[in-house]
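Using the sequences and the hints, build the whole thing.
Residue numbers (the working numbering), protein chains in the order written: chain A, 1 to 351; chain B, 1 to 351.
These aren't lab readings, by the way, just hints derived from the structure by calculation. Warning: the hint list may mix true and false statements.
Identical chains blur together in the list; that is why a pair holds if it fits in one copy or across any two.
Unchecked claim - Computed cross-link-like contacts, EDC-like style, restricted to lysine to aspartate or glutamate with a CA-CA straight-line distance of at most 20 Å:
1. K13 to E153
2. K325 to D88
3. K13 to D226
4. K231 to E153
5. K347 to D311
6. K334 to E217
7. K275 to E330
8. K325 to D311
9. K231 to D221
10. K275 to D341
On a predicted model such as this, the values are computed, not experimentally measured, just so you know.
2 protein chains.
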Amino acid sequence: MKRMERIFSVPLKGGAVTDVYSAFSLAELHESLRAMGSSMLFVADDNTERFLPDWAERVILPHGERWKNWESVDRILSAALSSGLARDSVFVGVGGGVILDMAAFAASIYMRGARAVLVPTTLLAMVDATLGGKTGIDYGGGKNLVGTFFPAESVLILPDVLETLPEREYRCGLGEVVKHAFLSSSRRLYDFLADNRERVLGRDSSVMEEMIRLSLEVKIDYITRDPEERKGIRSALNLGHTFSHALEAAEDFSISHGEGVAWGTAAAFRVGRDKGITASDYADEAIRLIEDYGFDTSFRLPGNLFPSFMDAVSKDKKKKGGSVKFVLMEGQGKPVLIPLDEDAVRKAVLS
Amino acid sequence: MKRMERIFSVPLKGGAVTDVYSAFSLAELHESLRAMGSSMLFVADDNTERFLPDWAERVILPHGERWKNWESVDRILSAALSSGLARDSVFVGVGGGVILDMAAFAASIYMRGARAVLVPTTLLAMVDATLGGKTGIDYGGGKNLVGTFFPAESVLILPDVLETLPEREYRCGLGEVVKHAFLSSSRRLYDFLADNRERVLGRDSSVMEEMIRLSLEVKIDYITRDPEERKGIRSALNLGHTFSHALEAAEDFSISHGEGVAWGTAAAFRVGRDKGITASDYADEAIRLIEDYGFDTSFRLPGNLFPSFMDAVSKDKKKKGGSVKFVLMEGQGKPVLIPLDEDAVRKAVLS
Numbered sequence: 001m002k003r004m005e006r007i008f009s010v011p012l013k014g015g016a017v018t019d020v021y022s023a024f025s026l027a028e029l030h031e032s033l034r035a036m037g038s039s040m041l042f043v044a045d046d047n048t049e050r051f052l053p054d055w056a057e058r059v060i061l062p063h064g065e066r067w068k069n070w071e072s073v074d075r076i077l078s079a080a081l082s083s084g085l086a087r088d089s090v091f092v093g094v095g096g097g098v099i100l101d102m103a104a105f106a107a108s109i110y111m112r113g114a115r116a117v118l119v120p121t122t123l124l125a126m127v128d129a130t131l132g133g134k135t136g137i138d139y140g141g142g143k144n145l146v147g148t149f150f151p152a153e154s155v156l157i158l159p160d161v162l163e164t165l166p167e168r169e170y171r172c173g174l175g176e177v178v179k180h181a182f183l184s185s186s187r188r189l190y191d192f193l194a195d196n197r198e199r200v201l202g203r204d205s206s207v208m209e210e211m212i213r214l215s216l217e218v219k220i221d222y223i224t225r226d227p228e229e230r231k232g233i234r235s236a237l238n239l240g241h242t243f244s245h246a247l248e249a250a251e252d253f254s255i256s257h258g259e260g261v262a263w264g265t266a267a268a269f270r271v272g273r274d275k276g277i278t279a280s281d282y283a284d285e286a287i288r289l290i291e292d293y294g295f296d297t298s299f300r301l302p303g304n305l306f307p308s309f310m311d312a313v314s315k316d317k318k319k320k321g322g323s324v325k326f327v328l329m330e331g332q333g334k335p336v337l338i339p340l341d342e343d344a345v346r347k348a349v350l351s
Numbered sequence: 001m002k003r004m005e006r007i008f009s010v011p012l013k014g015g016a017v018t019d020v021y022s023a024f025s026l027a028e029l030h031e032s033l034r035a036m037g038s039s040m041l042f043v044a045d046d047n048t049e050r051f052l053p054d055w056a057e058r059v060i061l062p063h064g065e066r067w068k069n070w071e072s073v074d075r076i077l078s079a080a081l082s083s084g085l086a087r088d089s090v091f092v093g094v095g096g097g098v099i100l101d102m103a104a105f106a107a108s109i110y111m112r113g114a115r116a117v118l119v120p121t122t123l124l125a126m127v128d129a130t131l132g133g134k135t136g137i138d139y140g141g142g143k144n145l146v147g148t149f150f151p152a153e154s155v156l157i158l159p160d161v162l163e164t165l166p167e168r169e170y171r172c173g174l175g176e177v178v179k180h181a182f183l184s185s186s187r188r189l190y191d192f193l194a195d196n197r198e199r200v201l202g203r204d205s206s207v208m209e210e211m212i213r214l215s216l217e218v219k220i221d222y223i224t225r226d227p228e229e230r231k232g233i234r235s236a237l238n239l240g241h242t243f244s245h246a247l248e249a250a251e252d253f254s255i256s257h258g259e260g261v262a263w264g265t266a267a268a269f270r271v272g273r274d275k276g277i278t279a280s281d282y283a284d285e286a287i288r289l290i291e292d293y294g295f296d297t298s299f300r301l302p303g304n305l306f307p308s309f310m311d312a313v314s315k316d317k318k319k320k321g322g323s324v325k326f327v328l329m330e331g332q333g334k335p336v337l338i339p340l341d342e343d344a345v346r347k348a349v350l351s
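Now the structure itself:
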């Protein structure tokens, strides 16, 4: 039998390390969790409960971003207390980014810090939400405005679970993957995506695992250089995100995160091109790759939503000392942080 | 004019440092806050609002342990959001431990970590609550069961504010000070307390400052050796606390923290003496010092409250792998962590 394999060991702030494992079957994944021997609480939603082992003590939350709030975290903490969990107990999140962010947030504040193990079940979560220790909930209309930095001990990835992921969710994960392709200082992921479009879109399991590894490699490179997002390096991972978060807020969350990021990344390329920061050729080629993966880059915000869009921009947590900086690209693997005035933003999202 | 003086610079986990300043006047303290230049939100309660500068944006909470809950933290976060605070903004807590723990908790989870500055206004908070980065709220009937480790950037101590502290609160702070006297590897604080009983009880301002410094020195020694309470060293600061927290819970918070700690410390000395861990002479002398400072060590728990007392013990966050360890003293400055069975606990608190 093939065994679960450690594919990355990511050094994070204060000497913490997150180990990333690739698993070959659900049974094996369950076995490795049971082998940890600690008391555990599983956190899942009504879609991901089926991935839990029979023996799991559990909290099942309703699915969806609108439940990413204190009420849900309160349910997790309350169940942890009822189950008698201690500081050395483990919160196991099984789900997409919403569940993982909340499970890890609850772990981070329970008794001032228990342990977190994450089992991402969406492509987006596999390549984005599980590494780097960002936990949190939405608050006061802003995404992830309340949370902590709290790296999971380990992340267990089972690419097979992607087989049953709804098509729209799968393609949304691809939004982050494509974004990572531009941020990488090598062109390996970029070329991989350009060369394997059909197989990736068809979820061929061998290319999926490769794609996840290459994509994680990019994220890991950025977060290890700036684990707490204090130096501005890691902010580059927010390519497309300031546009995206504001769009999601203005549209009341009807847009998925990955679609938003793909759209926001294309917007960043348009602004970069207009401002002479991104070479025209590279910007056009990049936008084409985004479109090749099925993302609509031609969408423009209806004018009447622009005020709420700007309101969400100004609430964005990347705001420092009054100005909001956007990630633009000077070229392959060369992000820059640039403050944009309202006119530049208006041009990028309306026209 | 005398200037605010830095009296300690405490190295904490991950390279963080908390600077402790001693201030000479409220005006000077306000001036130094204003000089920070960042956007700020002050958090106080109805007793401590009078210490705020006129210009302070503020959240005023009702005072008391029963308001140490999510609802209060929610009010702080919500005010922070309305005021447009960013990640580099400062949450300034002005009050006793309850306010400081909540202000720092809110700072720690706002945008995954803003900045915290603490102005303790009680003796207990000056010597106990402000250093080492423990933040939190009560949860599900347990004290501080939800929180984070999040060191404040700076702690501003103005001994003069103790002049107007209610007598009962002042004597409660003395409970922690006396506890620190036993934990110190030197006898300086112990001898200081033995020699200056009248002046300390009379709040002579020169001895108060010296007492606060000596007491902080002890705490700083323990926390710098174990900033995250992972090695068991820092757990020694919990001398008297497992007894005390359980007593406070069983009595529904009608006992003050300092009184509980003094009582719990005496209980730890009785258990230590009974088990042959603490020399009889030292235990008797220690209990006498506690009594000299006006604490009732003869109190015994009514038998009918013992079940809820044990329930609170078992919920105690220091529980690891099923057993609750108590801090006992082998001698001056020599704490040991010992698991106690129910009979030993019963004997210590009932008879």
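In rising order, the numbers of the hints this structure does not comply with: Violated hints: none at all, because every hint is consistent with the structure.
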